[in-house]
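J.: Kindly generate the complete structure, drawing on both the sequences and the hints.
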Amino acid sequence: MRENDVIGIENLSKSFGSVRALDGVSLAVRTGTVTAVLGPNASGKSTLIKCILGLVNPDEGEVHLEGAPVKGEWRYRARIGYMPQSAKFPENLTVDELFALLKDIRKDLPGSGALDTELHERFGLSAIGRRRLGVLSGGTRQRINAAIAFLFAPPLLILDEPTVGLDPLSAVILRDKIRDQRAGGRTVLLTSHLVGEVEEMADHVVYMLEGRPFFDGSIEDLRRITAERKLERAIVRLMEENRSGASGQNTDLRNS
Amino acid sequence: MGQAVKILTYEIHNLVRSRWLIGMGVLLLAATEVLFRFGGDPSRAVTSLMNVVFLIVPLVSLVLGTVYFYSSREFNELLLAQPVNRTAIYLGKLAGFTAALSLVFALGTGLPFLLHGYGLGDYAGKVAILLVVGEALVIIFSAVAFLAATRYEDRVKGLGSVILLWFFLSAVYDGLLLLAVHAFHRYPYETPLMALVMLNPIDLGRILVLLQLDISALMGFTGALFRKFYGSGVGTAVSSAMLVLYAAIPIALGLLSFRRKDF
Numbered sequence: 000m001r002e003n004d005v006i007g008i009e010n011l012s013k014s015f016g017s018v019r020a021l022d023g024v025s026l027a028v029r030t031g032t033v034t035a036v037l038g039p040n041a042s043g044k045s046t047l048i049k050c051i052l053g054l055v056n057p058d059e060g061e062v063h064l065e066g067a068p069v070k071g072e073w074r075y076r077a078r079i080g081y082m083p084q085s086a087k088f089p090e091n092l093t094v095d096e097l098f099a100l101l102k103d104i105r106k107d108l109p110g111s112g113a114l115d116t117e118l119h120e121r122f123g124l125s126a127i128g129r130r131r132l133g134v135l136s137g138g139t140r141q142r143i144n145a146a147i148a149f150l151f152a153p154p155l156l157i158l159d160e161p162t163v164g165l166d167p168l169s170a171v172i173l174r175d176k177i178r179d180q181r182a183g184g185r186t187v188l189l190t191s192h193l194v195g196e197v198e199e200m201a202d203h204v205v206y207m208l209e210g211r212p213f214f215d216g217s218i219e220d221l222r223r224i225t226a227e228r229k230l231e232r233a234i235v236r237l238m239e240e241n242r243s244g245a246s247g248q249n250t251d252l253r254n255s
Numbered sequence: 000m001g002q003a004v005k006i007l008t009y010e011i012h013n014l015v016r017s018r019w020l021i022g023m024g025v026l027l028l029a030a031t032e033v034l035f036r037f038g039g040d041p042s043r044a045v046t047s048l049m050n051v052v053f054l055i056v057p058l059v060s061l062v063l064g065t066v067y068f069y070s071s072r073e074f075n076e077l078l079l080a081q082p083v084n085r086t087a088i089y090l091g092k093l094a095g096f097t098a099a100l101s102l103v104f105a106l107g108t109g110l111p112f113l114l115h116g117y118g119l120g121d122y123a124g125k126v127a128i129l130l131v132v133g134e135a136l137v138i139i140f141s142a143v144a145f146l147a148a149t150r151y152e153d154r155v156k157g158l159g160s161v162i163l164l165w166f167f168l169s170a171v172y173d174g175l176l177l178l179a180v181h182a183f184h185r186y187p188y189e190t191p192l193m194a195l196v197m198l199n200p201i202d203l204g205r206i207l208v209l210l211q212l213d214i215s216a217l218m219g220f221t222g223a224l225f226r227k228f229y230g231s232g233v234g235t236a237v238s239s240a241m242l243v244l245y246a247a248i249p250i251a252l253g254l255l256s257f258r259r260k261d262f
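Same order as they appear, the protein sequences are chains D and E.
Quick note: the first sequence uses numbering that gives the first Met the number 0, first residue 0, plus one each step.
Quick note: the second sequence uses numbering that gives the first Met the number 0, first residue 0, plus one each step.
If you're looking for bench data, these hints aren't it; they were derived computationally from the structure.
The structure presented is a predicted model; accordingly, all values stated were derived computationally and were not measured.
We put the CB at the ideal spot given by N, CA and C, even for glycine.
If a hint is listed, it holds; no wrong ones were tucked in.
To give a feel for the contact side, a few chain D residues facing chain E, derived at Cβ under 7 angstroms:
| id | residue |
| --- | --- |
| 1 | Leu52 |
| 2 | Arg74 |
| 3 | Tyr81 |
| 4 | Lys87 |
| 5 | Leu92 |
Covered stretches of chain D, as calculated for chain E (at least 3 residues, CB under 8 angstroms):
| id | stretch |
| --- | --- |
| 6 | 54 to 68 |
| 7 | 98 to 105 |
T.: Spelled out as structure tokens, the structure:
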């Protein structure tokens, strides 16, 4: 593991019953990059993210955050802002109360610095501060979800399909915010099915397939290897080549 | 510890505004009031109320607890991604739910007694024991509900298992005991019966309250023996210890399960 990696993953495996969700994944996410994890459904993207967050306990392998193993730890999560795919909040709390709860939880922890309320303001969450969370629409909940992830200005952001369910304006605001993170030296790990979005924001792509990183490299690498300019086509080409390959093994193309 | 208290506080905030809990409080209040008005003297009101309490409280704790825990699953995921340890989340949530339900129960059953002026004097002790035992049942069955909801991913299984448990403890178990008594009526069955009653928290609670009421005199020889044991210092200590154990076991198992769980 290199020194400037935020996340270092070594040989991570996880099975759910007979389904092997992660199959010996090794990955590194460098500081100050936007890394997109792509892949079809059930390719292990969510499980990978949940292992980093400690939501899922891996069967084998280790996850390191900023050089320290995360197993059995919880304080390291003060360094992470997480936006789940969809969120349901306690119905009878108000928007303000939810934010108060989350601030309250981190209050006494070291390393929680100044708050970043930009998204909170731009999404107009102050105006609905006294509304009950149970009556909010899905889109509004997603905006709250995003604002929570960025609120504590964490060095690492993990965003699971961040723009799904957001209206176009909010999606643009969020994308701008994600790009700002990189400029500020922060690291972003996101999953997405929207290739255009990935192309716009990410500088590094991990393509997951059947529980393994099938491709792990920069977008330029991917274009060069496949001789395709469009990311979407490049991915398709990559998969086709793999399928017709004699070995049928998933290869790490970064080294080829 | 501090984090568990924070989570607990917000849980209570959330729950006391829940329509289900408010509805349950109003229902209990109405039931108590009706029993008071039509049940004659307050001693009989306590007896009738006891039957309602021992039927309803476990059921409501089990069903509401399970449903509540399942419905907060996605929020749990968000909480778990925060810098909080799992023990604080689980215990904070459980304590918050138990506290809210306890409050509703205490208000629903206790308030009419106070309003009718029985808060002091002879009946205070009887009402107090009913409330204390009722609270114990709230704690025990809320813990069981959280355990079931943690163990079973499938809501139908979780809810089904707690309803089955309730049915077993509040109907089947007593039926089996009566059968046993009938079958062994030629033998001195009293001591084993006392032990068997202890194995069911609802029955144990019922005995503890019954012994405080005058009608225990009507229960004959068995009643006298029960009174001798449960009325003694040792009996009280043993039955209290059993109730604590009935709460501690599901709390410990649920916590263990929650700490190991994949979300």
